[in-house]
Every structure is written in structure tokens, then in C-alpha cells.
Amino acid sequence: MAEATLSKDANANTVDFTAPAALSSGEVIQLTDGRAGIVAGLAGFASGDRATVIVAGQFNVAKISTLVCIDGCKLWFDRSASTASPVRTADSFYLGTTVGDAAGTDSTVTVELNAEPVYIAELGKGQWTNGATNGLGVLPTAYGGSELTLAFDAVAEVAMAALYPGDTVPVADGPIFEGEIAIYDIGNAAALDISIGLANGTHATDFDAVTESAIFHLDGSSLSIYTESDDGSTEVAATDTTLVAVDDTYALYWIDARDLTDVKFYVNGVLANAVTHDVSAATGPLFPIVHLEKTSDDTLADVRVRHLAVRSTDLTS
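Its first residue numbered 1, the sequence shown is counted upward by one per residue in the numbering used here.
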């Protein structure tokens with residue numbers, strides 16, 4: 001007797017199962033193994049029918065209004081809203097990666113079903129550096145996982161905490177930064193500085209001394225989000241985006257440097273640029289970084305990171 005017999009052609013990209021309820025053609029569902037599936041057939045399936053869903057390929061899916069989806073970003077499907085979104089919610093499951101850019105005004109987005117982005121560097125993979133001077137440094141978040149906390153204690157001292165990888169991206173390769181970061185304690189003084197984004201280096205006491213960067217910036221005692229950049233030739237000072245971080249809540253931060261003359265910043269899929277950030281004179285290479293520093297002050301800080309990555313592309317402007 002054969003040890004194995006063919007159940008389905010490996011190239012079929014479909015899964016069959018007994019429908020637990022009526023399913024409409026084109027409906028997006030989540031399978032038992034966690035993958036997303038698109039219900040096949042012209043008329044859908046009744047409860048109890050042998051149903052078929054497609055688990056690979058490119059599909060146009062309704063998109064949440066107002067939010068931008070940049071090429072190659074992760075997409076989640078919100079069951080309640082029946083829409084795709086770059087922002088994960090409590091009632092969403094992983095859908096795939098965006099194919100092409102989708103503007104906030106677009107009603108649909110093209111997704112490569114169940115595909116994952118490929119990163120040059122990604123938190124939890126490869127070699128990462130936990131830089132620290134005084135304070136509490138970089139700590140595993142409670143209950144483990146790849147989530148990390150950058151923190152300062154209430155000691156009046158100069159302190160720094162930084163998290164960044166050993167792998168870098170050439171500037172010309174259109175680096176795209178991704179981070180999921182939450183501010184749990186912004187401190188109580190302007191002595192605290194938080195920097196999130198791309199840079200060519202780090203610093204023990206003054207991140208402004210880094211020669212090339214494109215970063216989000218927050219000051220102690222304020223959840224207002226700023227952007228700033230420096231390419232070694234032109235520096236754009238910290239500029240208020242008018243967006244505000246929500247305390248104790250993860251936000252999705254993107255920096256899209258495919259066009260070095262106009263680097264785009266996004267928070268939860270919303271364009272954050274209040275000024276033009278031109279880093280075309282930068283020589284790099286760059287890497288993703290989260291960096292905290294404080295002067296000789298007793299302010300606290302607690303910044304948590306559950307995703308930090310950078311990818312690159314030849315499809316640059």
C-alpha cells in the first residue's frame with residue numbers, strides 16, 4: 001500500500017472544507033490554519049456544502065477609507081468592517097501584502113494573498129544591538145515574545161537606550177522603515193528625547209549628532225509626533241505633524257524613502273508630512289533604530305517595540 005496518495009494538486013492554491021454556514025462568492029474568510037481565503041465559485045456555497053476557497057494569488061479587496069497602503073506593506077482584514085487595512089485591530093486577521101500603492105482616497109487595494117514582506121532586517125531575526133548607558137536600557141517586555149521595552153528609571157543621570165540591527169540598507173535602495181511602537185511613559189520633562197526611524201549611526205548622549213537620519217521625534221511630557229531629517233548637507237528641524245500618539249497604545253510608523261527628495265512619513269496609514277524631507281545627499285548606509293536619551297534628569301521613560309524592520313527595493317523614484 002502506498003505511503004501517501006495525492007489529495008490535491010500542489011499547484012491548485014485552493015482548500016476544500018465543509019461550509020459551517022452559507023458563504024458568498026468572493027467573501028474573505030480565515031481558515032483553521034490562520035490563512036486568509038477567498039471563497040470560490042460563482043454562486044457561493046450553502047451551509048453543509050463542500051466549499052472551496054483560494055489561498056494564493058492577487059485580489060482587489062475593499063479598503064478602509066482614508067488610510068494609505070504603500071507597496072509591500074502588511075494588510076489585515078477587519079471582519080467587522082469587511083475591509084482591508086494596514087492597521088491591525090482586535091477583530092482582524094492577516095490578509096497578505098499590498099501590490100502597488102493605494103491612496104487614502106482609493107476604495108480598493110490589491111493584495112498578494114497570504115504573502116509576507118521580505119525584510120533586510122527584522123526584530124527577532126538576525127543580530128540586533130541593545131545599546132544602553134545608565135537607566136534600565138533595553139528589556140524584554142513582560143511575558144516574553146519578541147517585544148522589547150526601552151526604559152529609564154527615576155535616577156537623575158544622563159542615560160541612553162537604543163535598539164538597532166547589524167544589517168544595513170544602502171540609501172539608493174529605497175529603504176522603507178516599519179515599526180510598531182507604543183509609548184507607555186513619555187516622562188515628565190523636556191529632558192527626554194525619543195527618536196524612531198532610519199539613521200546611519202547612534203550616539204551615547206545626543207542623537208542630533210548623528211549625521212544622516214529620517215526620524216519621528218517625541219519630547220518628554222508630550223505625545224505630539226514630530227518628523228525631522230538630516231542628509232549631511234541639509235537638516236530639517238523637528239516639525240510638528242499635528243498627529244498625537246495615544247498613551248499605552250501601539251501605533252504603526254512608516255518611513256518611505258523610495259523618493260529620496262521627498263521622504264514620506266506615515267502614522268497608522270495617515271501621511272504625517274508637514275514639510276518636505278529631502279535626504280538625497282545622504283551616503284548611508286542606513287538602519288532602523290529606536291533611540292531614547294535624557295539629560296541629567298530623573299524623568300522616567302517606557303517605550304515598547306513589537307515590530308521594527310526595514311525593506312528595500314529597486315523600484316525607486
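Be a bit skeptical, because a hint or two may be false.
To be verified - Below 20 Å or equal to it, Euclidean Cα-Cα: the simulated EDC-like pairs (lysine to aspartate or glutamate) are: (1) K264 <-> E180; (2) K264 <-> E235; (3) K125 <-> D240; (4) K264 <-> D302; (5) K125 <-> D314; (6) K125 <-> D106; (7) K125 <-> D91; (8) K264 <-> D71; (9) K125 <-> D208; (10) K264 <-> E147; (11) K264 <-> D278; (12) K264 <-> D240.
I should point out that these hints are in silico values taken from the structure, not numbers from a laboratory.
Owing to the predicted nature of the structure, the values given are computational and were not obtained by experimental measurement.
How the hints compare with the structure:
The straight-line distance between the Cα atoms of K264 and E180 is roughly 17 Å, inside the 20 Å bound, and the hint therefore holds. Pair hint K264 plus E235 holds up; C-alpha atoms about 16 Å apart against a cutoff of 20 Å. Using a Cα cut-off of 20 Å, the hinted pair K125 and D240 is violated, with the two alpha carbons roughly 33 Å apart. Among the hinted pairs, K264 with D302 is inconsistent with the structure: their alpha-carbon atoms are about 26 Å apart, more than 20 Å.
Proximity of K125 to D314 is assessed by CA-CA distance (about 23 Å); at most 20 Å being required, the pair is judged violated. Distance hint between K125 and D106 is unfulfilled; the C-alpha atoms sit about 34 Å from each other, more than 20 Å. Only pairs whose Cα atoms come within 20 Å are accepted, and K125 paired with D91 is rejected, the gap being roughly 27 Å. The hinted pair formed by K264 and D71 meets the criterion: a straight-line CA distance of about 13 Å does not exceed 20 Å.
Restraint check: the Cα-Cα separation between K125 and D208 comes to about 28 Å, which exceeds 20 Å; the hinted pair is violated. Between K264 and E147 the CA atoms are separated by roughly 26 Å; this puts the pair beyond 20 Å, and the hint is violated. About 10 Å separates the Cα atoms of K264 and D278, which keeps this hinted pair within 20 Å; it holds. With a CA separation close to 14 Å, the supplied pair K264 and D240 stays within the 20 Å bound.
Violation of the numbered hints given earlier is confined to hints 3, 4, 5, 6, 7, 9 and 10; the remaining hints are satisfied by the structure.
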